[in-house]
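Construct the entire structure; sequences and hints are all you get.
Note that the working numbering numbers the sequence shown so that position 123 is 123, with each residue one more than the last.
Within a straight-line C-alpha distance of at most 25 Å, the following computed SDA-like cross-link-like pairs (lysine to any residue) qualify: (1) Lys131 / Lys197; (2) Lys181 / Phe191; (3) Lys228 / Phe142; (4) Lys129 / Glu116; (5) Lys213 / Met226; (6) Lys197 / Arg21; (7) Lys181 / Trp37; (8) Lys240 / Val134; (9) Lys85 / Asp40; (10) Lys228 / Glu36; (11) Lys197 / Gly227; (12) Lys64 / Lys131; (13) Lys51 / Arg78; (14) Lys138 / Leu205; (15) Lys64 / Lys197; (16) Lys180 / Val134; (17) Lys197 / Cys221; (18) Lys64 / Gln127.
For the record, the hints were derived by calculation from the structure and aren't laboratory data.
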Amino acid sequence: MGSLIREARPEDRPFIEEIARLTWGGDDYLARVFEEWLSDGGFYVLEMDGKVIGTAKMTLLPGKVGWLEGLRVHPDYRGRGYGRKLHDFMLELGERLAREGRIEALEFATYVLLRESVTMGQKTGFQIKAKFFVFRAKTENFEPEEPQRIEPKLEDLTLGLIPIGWRFVRRSVEALGWIKKNAELYNINGFHFLAPKEGATFTPLDVGLATLKAILPAMACVAKEMGKKTFDVMLPSGVKPLLPGIKRLGLFLWDETDGPNVLVFRRPFPKGPSS
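See the structure below:
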């Protein structure tokens, strides 16, 4: 049986919806972003005998970063090396884009307990560049308080590496423009948080306990408007000493890990000789 990696096409939707339905208990976002990713480009599928059994996506982010995401393999085909085949294909694509001067590095983020993703990254030259905690909260546990949507400014971006959902961008003027297109900035009583336009993983721009207590009802309000029963909060690894207090606020870890549970990997490309 032969396999082929090619660009995704509109007629691939049923296959991708099936993969999404069978991933993360049916909570995978892949089907929801299908049209957006088709339009954006860099969206590839692994086809075998006329059936799409895997996917991978490269999104160009500010700072000449090729962001790897959406690596999926249909459950019936896992454990046969197809994930690595897609990963290697994306590395080759990244090398070509680097030669063209379009990117300077590849990056991706993964949950710490997804051992295959962690190992595959480490074996192919990626290094961990940042760590975060992702917490979950139940919308019903908060009395929703409506926040104000505001236009983000560079001074609002108080984090050096800014999570927008499960993508991470470095603070810059270019990143500010990208954030305006891909996220909303909310204000509640002077405290700010970012919400991606797709998904309910929110980023507070201040991570103190008092700030979190003030903005969680606003996050619950935004999540409720999205029809979500839960929402996630992404926080930098430096909040580890605050974990007991964070949990008392109603946030909980997906799994009880010893440290940060989100890893951000980076693989830079060698720069060519200067002209």
